[in-house]
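> One letter stands for each residue in the lines below.
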Amino acid sequence: MIEVKNLLKNFGDLTVLKGVSETIKPGEKVAIVGPSGSGKSTFLRCLNLLETPTGGEIWFDGEEITSPRCDVDKVRRKMGMVFQHFNLFPNLTIQRNITLAPVKLGLQTQQQANETADTLLRRIGLADKADTYPAMLSGGQKQRIAIVRALAMNPQVMLFDEPTSALDPEMVGEVLDLIREVADAGMTMVIVTHEMHFAREVATRVLFMDEGVIREQNTPEALFGSPQDERLQSFLSKVL
Amino acid sequence: MQTILDNLYGALIRENRWQLYLQGLAITLQITLVACLIGIVLGMLVAVVKIYAVGSRNPVLKALNVICNFYTTVIRGTPMVLQLLIIYFGLTFLPSGVVACYIGFGINSGAYASEIFRGGINSVDAGQMEAGRSLGLSRNSTMRYIVMPQAVKNILPSLFNELISLLKETSIAGYIAVNDLTKLSNGIKGRTLNIYPLFVAGALYLLLTVLLTQVQRWIERRFARSDRG
Ligand SMILES: Nc1ncnc2c1ncn2[C@@H]1O[C@H](COP(=O)(O)OP(=O)(O)OP(=O)(O)O)[C@@H](O)[C@H]1O
Ligand SMILES: [Mg+2]
Chain A
1 MIEVKNLLKN
11 FGDLTVLKGV
21 SETIKPGEKV
31 AIVGPSGSGK
41 STFLRCLNLL
51 ETPTGGEIWF
61 DGEEITSPRC
71 DVDKVRRKMG
81 MVFQHFNLFP
91 NLTIQRNITL
101 APVKLGLQTQ
111 QQANETADTL
121 LRRIGLADKA
131 DTYPAMLSGG
141 QKQRIAIVRA
151 LAMNPQVMLF
161 DEPTSALDPE
171 MVGEVLDLIR
181 EVADAGMTMV
191 IVTHEMHFAR
201 EVATRVLFMD
211 EGVIREQNTP
221 EALFGSPQDE
231 RLQSFLSKVL
Chain B
1001 MQTILDNLYG
1011 ALIRENRWQL
1021 YLQGLAITLQ
1031 ITLVACLIGI
1041 VLGMLVAVVK
1051 IYAVGSRNPV
1061 LKALNVICNF
1071 YTTVIRGTPM
1081 VLQLLIIYFG
1091 LTFLPSGVVA
1101 CYIGFGINSG
1111 AYASEIFRGG
1121 INSVDAGQME
1131 AGRSLGLSRN
1141 STMRYIVMPQ
1151 AVKNILPSLF
1161 NELISLLKET
1171 SIAGYIAVND
1181 LTKLSNGIKG
1191 RTLNIYPLFV
1201 AGALYLLLTV
1211 LLTQVQRWIE
1221 RRFARSDRG
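Protein sequences, first through last, are from chains A and B. For what it's worth, the numbering used here labels the leading residue of the first sequence as 1, then goes sequentially. For what it's worth, the numbering used here labels the leading residue of the second sequence as 1001, then goes sequentially.
Do not rely on the hints blindly, as some may be mistaken.
Okay, the calculated beta carbon distance ranges per label pair [stated by the list, open to error]:
1) 185/A <-> 1140/B: 31 to 37 angstroms
2) 1215/B <-> 15/A: 52 to 58 angstroms
3) 74/A <-> 1220/B: 48 to 54 angstroms
4) 1125/B <-> 11/A: 18 to 24 angstroms
5) 185/A <-> 1220/B: 42 to 48 angstroms
6) 1029/B <-> 123/A: 40 to 46 angstroms
7) 1215/B <-> 213/A: 54 to 60 angstroms
8) 1059/B <-> 236/A: 46 to 52 angstroms
9) 201/A <-> 1059/B: 37 to 43 angstroms
10) 1220/B <-> 71/A: 39 to 45 angstroms
11) 12/A <-> 1211/B: 48 to 54 angstroms
12) 71/A <-> 1022/B: 41 to 47 angstroms
13) 185/A <-> 1215/B: 49 to 55 angstroms
Treat the hints as calculated values from the structure; they're not laboratory data. Think of the CB as a built atom: it goes at the ideal place given N, C-alpha and C, for glycine as much as any other residue.
Using the sequences and the hints given, assemble the complete structure.
Take a look at the structure:
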């Protein structure tokens, strides 16, 4: 579904991604772990072209999205993204946060979108918040709304960049529960996380990134159980 | 006390002089409002060019950006009186000094307004643009529905400050023989032979700026409320 070929990314003189190749198949839940600054976020943000790759190719759904002819906005409709800091729109109500994109892109009428939003909000038990503003919500509620906002676009893939690391500890559970639910529903997911237990439990495959390359990848059991790479071993000994 | 009243009588009532202040006030307000509108339009255009030029490879945009940077640097780096004189005596085809004022003050406040717009837009968290784009919205739509509504909160109060200083700054219009409030009150001074007419003009300016400041406060309070809601 997503095929990454020799992806390079520089920020000025700094080379952050040094040739990453990776294929993500439909239904996979890929977790990316690794030390801070290793390029995990940059890799994820290249997948939906929030960062423009310096070199290499990314294919999505049979189309080369790194080609200059590609309609990036169209591609992004099919890739939901969830950010560390939620990035809800503070000037819009929760309902409008969820319905803005589907309505403005002409995919749904406002009424249809409202119904979708209501269904999704019911699912996460926040239907009563539809008319409030993000400032009124807790961190955990905000992140669950952000997930639902992405889901309202009916994406084929969901990208998560450390969705729980800005949350108070007591709110991490509710967000992870929702992500797990989305995973169980069959969504293809790529998730950058520091929650090793969660990665082990939900991921079908784990990538270990370090200094701009994927140094090891495997099933969670194998990667966490018998890591081969030296750096992975030392990383795991610190975080587990 | 009696002398003060006498002097005020001389400054305001005698020979219907109050009408002159109103004439001057009308010119001052006209210049302020027209220049403010020109400034807002110009400032918005310049801000958009500058913001869109960041990271763009489009040569037209880059050229426009250079022009815009030149414009804001020159305008903000030279005295307003000088700019006004250059426009009045340089553009000799202009029908009147008042029109020269519209253009001169408009171009001047455009440079300041553009910085206000740019600052206001840039102060919106970059994550807002990213979130909009990640949902498939175009840059323009995200600007329009998400970034701009948030930027307005920062922009409007500063724009009011600009309007208030513009109002005061128009008092230099007399340099190019425009009969604004300051110029006319100074003329009345020549008749009354005391400075009371200048006090009258000062009171009128003060009245207007205090009023505008009240409007500004009211707007800020409204935004503060919608933030909490
Ligand atoms: N926009 C940018 N401009 C310049 N440098 C950047 C930019 N974004 C990231 N970097 C640099 O790229 C490197 C990789 O950053 P990235 O955010 O991808 O790391 P990460 O693995 O996600 O780390 P963390 O776990 O801390 O989130 C870092 O050294 C970072 O400083
Ligand atoms: Mg990161």
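> Against each hint, give a clear statement of whether it holds in the structure.
Here is what the structure says about each hint:
Hint check: residue 185/A to residue 1140/B, Cβ distance near 34 angstroms, so the stated range 31 to 37 angstroms holds. Between residue 1215/B and residue 15/A, the C-beta spacing of about 53 angstroms keeps the proposed range 52 to 58 angstroms intact. The supplied range of 48 to 54 angstroms is broken by residue 74/A and residue 1220/B, whose beta-carbon atoms lie about 41 angstroms from each other. Look at residue 1125/B against residue 11/A: about 20 angstroms separates their beta carbons, and that is inside 18 to 24 angstroms.
Take residue 185/A and residue 1220/B: their Cβ atoms lie about 46 angstroms apart, and the range 42 to 48 angstroms holds. Hint check: residue 1029/B to residue 123/A, Cβ distance near 57 angstroms, so the stated range 40 to 46 angstroms is violated. For the hinted restraint 54 to 60 angstroms between residue 1215/B and residue 213/A, the CB-CB distance of approximately 59 angstroms keeps it satisfied. A C-beta distance of roughly 50 angstroms is found between residue 1059/B and residue 236/A, which places it inside the suggested range of 46 to 52 angstroms.
Restraint check, residue 201/A to residue 1059/B: a C-beta distance of roughly 52 angstroms breaks the suggested window 37 to 43 angstroms. Range check, residue 1220/B to residue 71/A: Cβ separation about 41 angstroms, and the 39 to 45 angstroms hint holds. Distance hint for residue 12/A and residue 1211/B: a CB-CB separation of about 50 angstroms, consistent with the stated range 48 to 54 angstroms. Checked against the hint of 41 to 47 angstroms, the C-beta distance between residue 71/A and residue 1022/B comes to roughly 60 angstroms, which is inconsistent with it.
Under the hint 49 to 55 angstroms, the C-beta atoms of residue 185/A and residue 1215/B, about 53 angstroms apart, fit the expected range.
In this structure, the earlier hints numbered 3, 6, 9, 12 are contradicted, and the remaining ones agree with it.
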